[in-house]
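S.K.: Those sequence lines, one after another, are chains A and B.
Heads up, the first sequence is in the numbering used here, so the first residue is 52 and it goes up one at a time.
Heads up, the second sequence is in the numbering used here, so the first residue is 173 and it goes up one at a time.
So these bits of chain B aren't anywhere near chain A, every CB distance computed over 12 Å:
| id | residue |
| --- | --- |
| 1 | Gly234 |
| 2 | Glu322 |
| 3 | Gly416 |
For lysine to any residue, the following SDA-like pairs were computed, each having C-alpha atoms within a straight-line distance of at most 25 Å:
| id | chain 1 | residue 1 | chain 2 | residue 2 |
| --- | --- | --- | --- | --- |
| 4 | A | Lys105 | B | Lys302 |
| 5 | B | Lys349 | B | Ile382 |
| 6 | A | Lys184 | A | Arg165 |
| 7 | A | Lys105 | A | Gly115 |
| 8 | A | Lys135 | B | Gln375 |
| 9 | B | Lys302 | A | Ser133 |
| 10 | A | Lys135 | B | Lys302 |
| 11 | A | Lys135 | A | Pro187 |
| 12 | B | Lys339 | A | Thr285 |
| 13 | A | Lys290 | B | Gln291 |
| 14 | A | Lys126 | A | Glu230 |
| 15 | B | Lys185 | A | Phe175 |
| 16 | A | Lys135 | A | Asp281 |
| 17 | A | Lys121 | A | Arg63 |
| 18 | A | Lys272 | B | Val453 |
| 19 | A | Lys135 | B | Thr213 |
Covered, in the sense of this in silico footprint (three residues per stretch, anywhere, with C-beta under 8 Å from a C-beta of chain B), are these stretches of chain A:
| id | segment |
| --- | --- |
| 20 | 76 to 90 |
| 21 | 213 to 226 |
| 22 | 281 to 288 |
Note that these hints are calculated values from the structure, not bench results.
By construction, the Cβ of each residue, glycine as well, lies at the ideal position given by its N, Cα and C atoms.
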Amino acid sequence: MRVIVAENLTKRFGHFTAVDSASFQVGQGEIFGFLGANGAGKTTAMRMLCGLSKPSSGRGTVAGFDIERKPEKVKASIGYMSQKFALYEDLTVRENIRLYAGIYGVPGKLIAPRTDDLLRRLGFREERNTLVKALPLGWKQKLAFSVAIFHDPKVVFLDEPTGGVDPAARRQFWEMIYEAAHGGITAFVTTHYMDEAEYCDRVSIMVDGRIEALDTPQNLKARYGSESMDQVFTQLARKATREVE
Amino acid sequence: MVEVLGVRKNYGKVRALEDISFQVGRGEIFGIIGPDGAGKTTLFRILTTLLLADAGEARVDGFDVVKGYRDIRARVGYMPGKFSLYQDLTVQENLEFFATVFGTTIDANYHLIQDIYDQLKAFRNRRAGKLSGGMKQKLALCCALIHKPEVLFLDEPTTGVDPVSRKEFWEMLKRLKDQGITILVSTPYMDEAVLCDRIALIQRGRFLRIDSPRNLVAQYPVQLLSVRGPSMFTLLRELRMIRGIRSCYAFGDSHHVAVDDPLLGAETLSGKLLALGHEGVEVKRIQANVEDCFMDLSSMEQSSKELSSTGAVS
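Between the sequences and the hints, there should be enough to build the whole structure, so can you do that?
M.R.: If you want it as structure tokens, here you go:
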């Protein structure tokens with residue numbers, strides 16, 4: 052099943068083409084790495100797929116809904132987490148869960164049992180009334196991810212979810228992504244850690260607004276004669292010519 | 173150039189820095205490597221005289237951070253983690269502003285910033301707030317250099333920056349080092365550690381180890397194996413249950429397995445995995461990298477802390 056479909060997706064700001072005719076499809080339960088240098092157009096593309104920005108041309112569907120005509124349906128079918136903002140620091144662990152569950156329309160009677168289950172699995176029961184700002188960063192990231200998939204979305208968009216997290220926590224975080232994908236949730240991930248690109252089922256690399264490469268990490272390494280995704284990325288990203296905002 | 177002895181800093185009950193001591197020599201690139209919240213910024217703010225330590229002493233270029241703060245401020249360049257330029261001033265105006273504040277001119281030290289500024293010239297009339305992330309970072313570095321500092325403090329200059337721009341940034345640092353500037357740089361990216369002369373691994377306000385990257389990896393305490401196979405996720409879980417394995421972490425396209433049991437070598441392990449039904453698995457002995465060392469040192473520290481808090485260590 053195709054959970055994300057992009058066909059010639061394009062976004063122009065004045066004379067500047069931020070995303071230039073991007074086409075790709077992502078299947079259910081797939082971990083899809085969305086790579087690119089700063090300014091390559093990743094955020095703009097992701098905003099369109101989340102129903103936050105309308106394409107200038109081309110089309111896309113997420114969870115079966117057209118991103119231009121049904122953006123509200125798209126928003127209800129996805130989860131989103133970014134390193135920059137994910138949780139309310141001045142609310143407790145439990146309050147954050149309650150807030151997001153409400154925003155995403157999780158039925159009232161499901162909230163309490165799912166919250167208990169979540170706190171138990173994360174080992175956060177003792178911390179349920181702790182303010183989020185008092186948690187270590189690695190814990191926050193785990194909680195933010197759990198909150199982003201609390202309403203059991205079709206797709207979760209993860210925008211540099213592991214920036215600055217310690218190496219052990221970064222890996223535990225990826226194990227959570229694996230588990231969610233195993234349970235059928237599609238993960239659409241951006242990252243600047245090239246070892247994380249290797250954990251993805253498939254990876255696309257964006258250069259100057261265009262998708263320059265899209266394949267499994269293994270095939271990409273073979274095609275570009277590289278030993279690591281870092282080398283593949285460097286070869287492609289060095290082709291960039293445009294200077295962006 | 174930098175001497176730190178027994179520095180501590182608490183924020184209320186939070187111990188941000190505990191008994192930090194180290195020295196950095198002239199022309200050295202010294203990396204402080206650790207995750208967010210480990211205390212990197214607190215340490216930089218103490219050394220740049222913006223924050224007072226609770227205890228301990230620190231000197232920068234021979235001046236005490238408390239008594240000699242004015243001298244230090246004239247001699248160091250500081251690039252904070254958060255973008256610190258004036259967003260409403262242009263590239264050129266920002267640079268002129270920083271030069272003027274330090275009583276110098278752009279022309280006087282142009283040689284220091286030339287190769288970095290060349291890449292910015294085309295945008296010199298653009299407001300700093302409108303620059304891309306990589307360009308902002310280059311401008312911030314120019315502004316930190318314009319008064320020809322003896323020591324440069326760079327707090328997470330590459331966080332959130334893509335791998336190609338990060339490489340270019342480190343090439344710039346190498347050239348500054350060649351001009352005799354001492355550089356203290358912090359980063360959460362462990363792969364950047366090998367580009368430093370010496371590094372300190374920091375976690376929860378404590379230095380886990382100070383050494384050259386080469387010595388650090390050479391002292392990795394146990395045998396390390398890399399394991400690669402068709403079903404990586406199940407492999408990871410099952411490896412962790414094998415006796416004699418100290419830790420197992422995913423590392424890109426392979427898993428790194430630290431083995432306590434000296435008899436559990438590559439061949440024995442691949443035999444065990446085959447018996448568990450994993451076919452086509454490749455196991456080989458590898459050299460640890462900085463990230464392996466960090467995880468090992470930090471888990472050792474963690475477990476000794478847990479032991480002492482339960483009273484198991486007398």
